[in-house]
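Chemist: Position chain B relative to chain A; hints supplied.
From first to last, the protein sequence lines are chains A and B. Position 93 (the first sequence) corresponds to 600 in the numbering used here; numbering is contiguous. Position 129 (the second sequence) corresponds to 161 in the numbering used here; numbering is contiguous.
Keep in mind that a hint or two might mislead.
[Stated by the list, open to error] Below, simulated BS3-like cross-link-like pairs (lysine-lysine); rule was C-alpha separation at most 25 Å, straight line: (1) B:Lys-106 x A:Lys-571; (2) A:Lys-523 x B:Lys-106; (3) B:Lys-106 x B:Lys-56; (4) A:Lys-523 x B:Lys-170; (5) B:Lys-182 x B:Lys-170; (6) B:Lys-56 x A:Lys-523; (7) A:Lys-594 x A:Lys-608.
FYI, nobody ran anything at the bench for these hints, they're computed from the structure. Please read all numbers here as calculations on a predicted model, not as lab measurements.
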Amino acid sequence: MPKGGTVPKKPQSYEKELQAIMYALAESVAEASDEDILTEMQEEGENPEVAAERVRNVLLGAVKDFRQRRLVEAQRQYELHIATMEKKNYILPTSTGERRKLLDLVLSRQPVMRSALLTSQYRDFKDLTDDDVGSYLRQLQELGALDDISEFAEEKK
Amino acid sequence: MKQMSRRVPEEIAAGSDEVEEAVKRLSRPQLLRLENYAKKRIRGLGRANEGRDHNDLMQEAITRTLTGQRHWNKSVTFVVHLFGVIQSISNHWGEQFDPESAQLESEITRTSPEGKDSFHLHDAPSTLPNAEHVLSAKQEIERIESLFAKDQKALDVIGGWRSEMTGPEIQEVLEISKTEYETIARKIRRNVQPLRAQTTEQNKNG
Numbered sequence: 508m509p510k511g512g513t514v515p516k517k518p519q520s521y522e523k524e525l526q527a528i529m530y531a532l533a534e535s536v537a538e539a540s541d542e543d544i545l546t547e548m549q550e551e552g553e554n555p556e557v558a559a560e561r562v563r564n565v566l567l568g569a570v571k572d573f574r575q576r577r578l579v580e581a582q583r584q585y586e587l588h589i590a591t592m593e594k595k596n597y598i599l600p601t602s603t604g605e606r607r608k609l610l611d612l613v614l615s616r617q618p619v620m621r622s623a624l625l626t627s628q629y630r631d632f633k634d635l636t637d638d639d640v641g642s643y644l645r646q647l648q649e650l651g652a653l654d655d656i657s658e659f660a661e662e663k664k
Numbered sequence: 033m034k035q036m037s038r039r040v041p042e043e044i045a046a047g048s049d050e051v052e053e054a055v056k057r058l059s060r061p062q063l064l065r066l067e068n069y070a071k072k073r074i075r076g077l078g079r080a081n082e083g084r085d086h087n088d089l090m091q092e093a094i095t096r097t098l099t100g101q102r103h104w105n106k107s108v109t110f111v112v113h114l115f116g117v118i119q120s121i122s123n124h125w126g127e128q129f130d131p132e133s134a135q136l137e138s139e140i141t142r143t144s145p146e147g148k149d150s151f152h153l154h155d156a157p158s159t160l161p162n163a164e165h166v167l168s169a170k171q172e173i174e175r176i177e178s179l180f181a182k183d184q185k186a187l188d189v190i191g192g193w194r195s196e197m198t199g200p201e202i203q204e205v206l207e208i209s210k211t212e213y214e215t216i217a218r219k220i221r222r223n224v225q226p227l228r229a230q231t232t233e234q235n236k237n238g
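Isolated chain A, as found in the complex (with noise of 0.2 Å):
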């Protein structure tokens, strides 16, 4: 390759060296200085502090889209869960006196259970419906949490 002459070239697609120009144009980019960039954005008409911005709110819109696309996500795989468990057959105490008392020792027996199910809102375990106690020993015996229950494995019985 000569020294202090013409460039050599390779022979390639028009396609690709456009690319290959805009590329290395792109890395030029990268490395200059903020005067040259704020300079070259001024010359092109645009206001740097409103482009800026423009820039910052894609991006922002990127993290938004993320975590809004994990919550429907997360709705969505708990909803079948649900109703997953909801078809399985439960064998549960058919009184809702009983099964408010078959809740209430094990959230005793277990109190990291009961700060897990119970949200502030009902701190006071009596603020519970019977809809949401049914909901809450199916899920308890998906977790295995009333294999050790005596008094439940008689009920089973």
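Modeler: Just chain B, lined up with the frame of chain A:
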């Protein structure tokens, strides 16, 4: 050798709060540089951008950081990480592109989360048959070079780029310093930029 995935488990990928904070801390020049970089990478893709624009590219970089597909190594700054991801994604889009495949309008129409459709076809010459694409690229190269008809060093640098030579390789062949090379690159960039805007406008108007 099987290529190992660079994806990290989502639980140790950068959290959305962390990324949001990093975006908020980006300076004005960093943001403008990112956009400019993404625009050139998209333009370099040509038909392979398949209607995607620089905003799509930047947003994809954020998404892949959040999902763990591209791990943010904290030894580099967030903006450097994003440059790397943008480069990697655009390379991947270029490799994936099949120039023989037809495209449906539905595939290049983008719908925002708010349900608004946008059609980027006018930003990508993807409806033109191959021969016209090649001609378009040839014409664009000729127009870029015509801007520096009396500047041999600039033409030499452009020639080096066309041959996919790196900056250091070009500097060595032309026996110029890094500073001189960067000065020439800056001159080319500043003259080509208005030309890019003009060409995009012409493509929109058909």
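Chemist: Look at each hint and say if it fits the structure.
Modeler: Consistency of the hints with the structure:
Only pairs whose Cα atoms come within 25 Å are accepted, and Lys-106 (chain B) paired with Lys-571 (chain A) is accepted, the gap being roughly 22 Å. Only pairs whose Cα atoms come within 25 Å are accepted, and Lys-523 (chain A) paired with Lys-106 (chain B) is rejected, the gap being roughly 34 Å. Note on Lys-106 (chain B) and Lys-56 (chain B): the hinted pairing holds, with a Cα-Cα distance of about 17 Å set against a maximum of 25 Å. Restraint check: the Cα-Cα separation between Lys-523 (chain A) and Lys-170 (chain B) comes to about 10 Å, which is no more than 25 Å; the hinted pair holds.
A hinted pair counts as satisfied when its Cα atoms are at most 25 Å apart, and Lys-182 (chain B) with Lys-170 (chain B) qualifies at roughly 20 Å. A distance of roughly 36 Å separates the Cα atoms of Lys-56 (chain B) and Lys-523 (chain A); the hinted pair therefore is violated under the 25 Å criterion. Restraint check: the Cα-Cα separation between Lys-594 (chain A) and Lys-608 (chain A) comes to about 24 Å, which is no more than 25 Å; the hinted pair holds.
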